[in-house]
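Top to bottom, those sequences are chains E and D.
Under the numbering used here, the final residue of the first sequence carries the number 480; numbering is consecutive throughout.
Under the numbering used here, the final residue of the second sequence carries the number 1490; numbering is consecutive throughout.
Any given hint could be a false lead.
Distance ranges between label pairs, derived from CB positions [what the hints assert, rightly or not]:
(1) D/1341 with E/230: 49 to 59 Å
(2) E/30 with D/1139: 45 to 55 Å
(3) E/81 with D/1139: 34 to 44 Å
(4) E/115 with D/1377: 27 to 37 Å
(5) D/1411 with E/265: 47 to 57 Å
If you're looking for bench data, these hints aren't it; they were derived computationally from the structure.
A quick note: this is a predicted structure, and the numbers were derived from the prediction, not measured.
No residue lacks a Cβ here, since even glycine has one placed at the ideal position from N, Cα and C.
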Amino acid sequence: MSYEAVIGLEIHVELDTASKIFCGCPTTFGADPNTNVCPICMGMPGTLPVLNEEVVKLAIKAGVAIDCDIRLTNKTDRKNYFYPDLPKAYQISQFDMPICENGHVKFDVAGVEKTVGITRIHIEEDPGKMIHTDDGVSLVDYNRSGVALIEIVTEPDIRSAEEALAFLKTVKSILQYSGISDCRMEQGSLRCDANISIRDFGQDILNTKVEIKNLNSFKEVGKALQKEYKRQSDLHRFDEAHKIKQETRRWDAAKGRTLTMRTKEDAHDYRFFPEPDLPPIILEKAQVEAAIHTLPELPDAKRVRFHDAYELSSQEVEVLIAEKFIADYFEQVVEYGAAPKKAANWVIVEGLRLLKSVEQEEIPVKPSHLAKLIELVEEDTVSVTAAKEVFEALVKHDEDPIDLIEKMGLRQNSSADALGEIVDSVLSAHPKALDDYHSGRPESVGFLMGQVMKATKGQANPRMAKELLLQRLGACAPEA
Amino acid sequence: MDLKGLRIKDMQSGLAEGKFTSVELLEAVYKRIESADGEVGAFLSLAKESALESAKESDARRAKGESAGSLDGIPVAIKDNICMKGVTATCASKMLEDFYPPYDATVVKKLKKAGAVIVGKTNMDEFAMGSSTENSYYKKTKNPWDLSKVPGGSSGGAAASVAAGMVPISFGSDTGGSIRQPAAFCGAVGLKPTYGRVSRYGLIAFGSSLDQIGPIAPTVEEVALAFEVVTGMDRYDATSIHSSLQDDFMDFVKSGASGLRVAIPEEYLGAGLDEEIKESVLSTAETLKKLGATVEYVSLPLEDAALSAYYVVASAEASSNLARFDGVRYGYRTEEFDTTDELMIKSRSEGFGEEVKRRIMIGTYALSSGYYDAYYKKAMQYRKSMEAAFDKIFESYDLVLSPASPVLPFGIGEKTDDPLAMYLADVYTVNINMAGLPALAMPCGISKAGLPIGLQFIGRKLEEATILKAAYGLEQALELPKTALEKEGA
Chain E
1 MSYEAVIGLE
11 IHVELDTASK
21 IFCGCPTTFG
31 ADPNTNVCPI
41 CMGMPGTLPV
51 LNEEVVKLAI
61 KAGVAIDCDI
71 RLTNKTDRKN
81 YFYPDLPKAY
91 QISQFDMPIC
101 ENGHVKFDVA
111 GVEKTVGITR
121 IHIEEDPGKM
131 IHTDDGVSLV
141 DYNRSGVALI
151 EIVTEPDIRS
161 AEEALAFLKT
171 VKSILQYSGI
181 SDCRMEQGSL
191 RCDANISIRD
201 FGQDILNTKV
211 EIKNLNSFKE
221 VGKALQKEYK
231 RQSDLHRFDE
241 AHKIKQETRR
251 WDAAKGRTLT
261 MRTKEDAHDY
271 RFFPEPDLPP
281 IILEKAQVEA
291 AIHTLPELPD
301 AKRVRFHDAY
311 ELSSQEVEVL
321 IAEKFIADYF
331 EQVVEYGAAP
341 KKAANWVIVE
351 GLRLLKSVEQ
361 EEIPVKPSHL
371 AKLIELVEED
381 TVSVTAAKEV
391 FEALVKHDED
401 PIDLIEKMGL
411 RQNSSADALG
421 EIVDSVLSAH
431 PKALDDYHSG
441 RPESVGFLMG
451 QVMKATKGQA
461 NPRMAKELLL
471 QRLGACAPEA
Chain D
1001 MDLKGLRIKD
1011 MQSGLAEGKF
1021 TSVELLEAVY
1031 KRIESADGEV
1041 GAFLSLAKES
1051 ALESAKESDA
1061 RRAKGESAGS
1071 LDGIPVAIKD
1081 NICMKGVTAT
1091 CASKMLEDFY
1101 PPYDATVVKK
1111 LKKAGAVIVG
1121 KTNMDEFAMG
1131 SSTENSYYKK
1141 TKNPWDLSKV
1151 PGGSSGGAAA
1161 SVAAGMVPIS
1171 FGSDTGGSIR
1181 QPAAFCGAVG
1191 LKPTYGRVSR
1201 YGLIAFGSSL
1211 DQIGPIAPTV
1221 EEVALAFEVV
1231 TGMDRYDATS
1241 IHSSLQDDFM
1251 DFVKSGASGL
1261 RVAIPEEYLG
1271 AGLDEEIKES
1281 VLSTAETLKK
1291 LGATVEYVSL
1301 PLEDAALSAY
1311 YVVASAEASS
1321 NLARFDGVRY
1331 GYRTEEFDTT
1341 DELMIKSRSE
1351 GFGEEVKRRI
1361 MIGTYALSSG
1371 YYDAYYKKAM
1381 QYRKSMEAAF
1391 DKIFESYDLV
1401 LSPASPVLPF
1411 GIGEKTDDPL
1421 AMYLADVYTV
1431 NINMAGLPAL
1441 AMPCGISKAG
1451 LPIGLQFIGR
1461 KLEEATILKA
1471 AYGLEQALEL
1481 PKTALEKEGA
């Protein structure tokens, strides 16, 4: 017997602002510990928060991108709890009046459209980071303290780990597309907690849910949900459903299982109350309209346009639009004159391959150079194989591809006279192959072609070389 | 040089005419503190080095014919919950014994910019929680009018420093009466500005939605001068109000009480009010009439709920504001601990005093899940109705007049065992913070026992000038001693 999973996600997203949410400190990742700090984000006595307007703008943008209602009057609240990484011992967040509510995200799971409701999006500050050393000392780095976040809370609309992943990928690309966040999970700028319960199919009830924390990558989200689904299913199956407690479980990625972190009994009472240091956030309709206008084309719209305008396959479109910077790169290559189909092929195969090797979110070759390279292949100036070599070389050498081709000696030999001479000399050097051909072994053409390519150091235009070779073979055929 | 009877304008002219220098004035202040503070206990720390530096700079400016502003070279004191770089800000708590703030409060910046010489930091009830300054971890401050009496609180050190003739201006903070009640107890003038009129940046928070910094001084004019320097919008305080004072502010303040419409809430003269205070307030009303003001009695119910609502809001906010004192980053840290929880629990248990712990407990309870609606939410609703009640009165009147405290300065140790009796001392002042209004306390008489009696003027939001105008007119008419040094037989 199998059960239906009921899953809701809470996603913390670091907003792409230059300074923190309540002070002017920079948000750069990877700075030395406790250097991006000031009395305000250190929660020094007497300091006060002042809301960064950019945070509100980005939160509205996120709300608009995820089809939410924007609450024109919203407010901040204090969430009180003690932890060394929380310098004020309260986190400024939003409790009962979040900035965005009632949104939804549409996405595709194995060819079927799925919609997940978004309960709310609220703004809040990030705490610092605890570092536990091997010798039992705990250190705190407050660089992250006060970095602006939005928390996106979904309705319990997700029914499987697969759906959760597809949803997360969609949300990630929407946020990246809108310039709201870079969503780098490895840098902690996108974090996810999951709530899961199970029930019999066809039921409409919500059973006791378990919250899973410490999900550091999409892969781990998938694994943890599957594992927790299995754990709960097994308990149900053996009539031990009562053992599913409302609790928070920690995902142990190394051991591949969830472990009890805290139970309902020791759940925090956060003692929320309105933040007295900040006035309510009162928005103008114009601010929401501005967000709508500045919102770039989102993946959904792009998918349709790429299909229609470029006549690409669904598969190609999906790969191209998965990341905004890839889609943008592709379109730039096309703008520089490359045929869309060729451009797509190059970006998907060669571009993404390069991307893997450089580990950065930018294809390290100028789109104009790739467009030119594609043109040179079309013109038979360079062979496809050689062009791939040139493409890689362009990473280190930012020059006109044609110059690079010359320097690398990869210009394709397309002169019929010159190639003809080479073909002739190959034929006279390999009389046995010629005989073989005439004795009914056409595969010797391959061997001869190889010799031609070898003699030209790979620069022969293969189509032309083959034509010339077959022409010569036909001409010197023995009289029947 | 003798500081007795020396007003700021005398100091200004003395400095301008070269009768004395800022450095000499500062030396006189420290001499006075040295001779009197052993008994009074107004100061927790002195900032001698930086003060001398400021005084020298002031003299240098004056020598060049320059001036930094209206307080150039004038010695002032600040309460020990206001942050100043390089000087401890203890909040009179063991918790912050060694805490040196890494920055200046906006008020401190403004004072420095105006040329003021900050001489030191005054005693208070721990974290501003109390009405007698007996909750200080370090020492008890005594009332300069009668050393067996409390100076009031929580800005007791500030009021005593003024009443003892040590400094002409002392800045305090007022969350539920902490400027006005000690000013009244010490026969001084104390102003709690409109919420948002003076930046709270750098004031170690007690009740964030109630706290305001304000001046205490011997006279209304000096209070007005000090207020003028520290008021103004501050981009570091999101609750500060964008509004400047009128250009003829000081002239307006001195233009007399004639024509002002004053309301006295009958309920504020009811049960629990000391007879001598009542008589004094009523006779002051007659004086106001003689000055050309109209005085009428109105009804403004003083519900029992007022005090409860205040203590819920103030304690709730305090429970959150004081949570950061956990022994992790600064302040008191317990000697021995095994876990982070133990570090925090022990540091807080050992670092905070009884009254602070009581308020943290009250506040934590009031915000707890399941109790929020019954306490905090209800208190906030009451707050709105309080504001509306005052608004209604201000439709017909310019000012509300009431006693500042229901009782005269009481004996040291007299109420320390009865927190509720202590809380009742705030009955006339807490509503004003709840409504965010400006109010001023000033002396209106001397009791038979020779203790100051104080009254309170309450005004419309942002109308400090009107309050000061009435107070100035009244002060001129009453001719009471300005400090304990000037009292009869002193």
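Evaluation of the provided hints:
| no. | hint | in the structure |
| --- | --- | --- |
| 1 | D/1341 with E/230: 49 to 59 Å | violated, 34 Å |
| 2 | E/30 with D/1139: 45 to 55 Å | holds, 49 Å |
| 3 | E/81 with D/1139: 34 to 44 Å | holds, 35 Å |
| 4 | E/115 with D/1377: 27 to 37 Å | holds, 36 Å |
| 5 | D/1411 with E/265: 47 to 57 Å | holds, 49 Å |
Hint compliance for this structure: hint 1 alone is broken.
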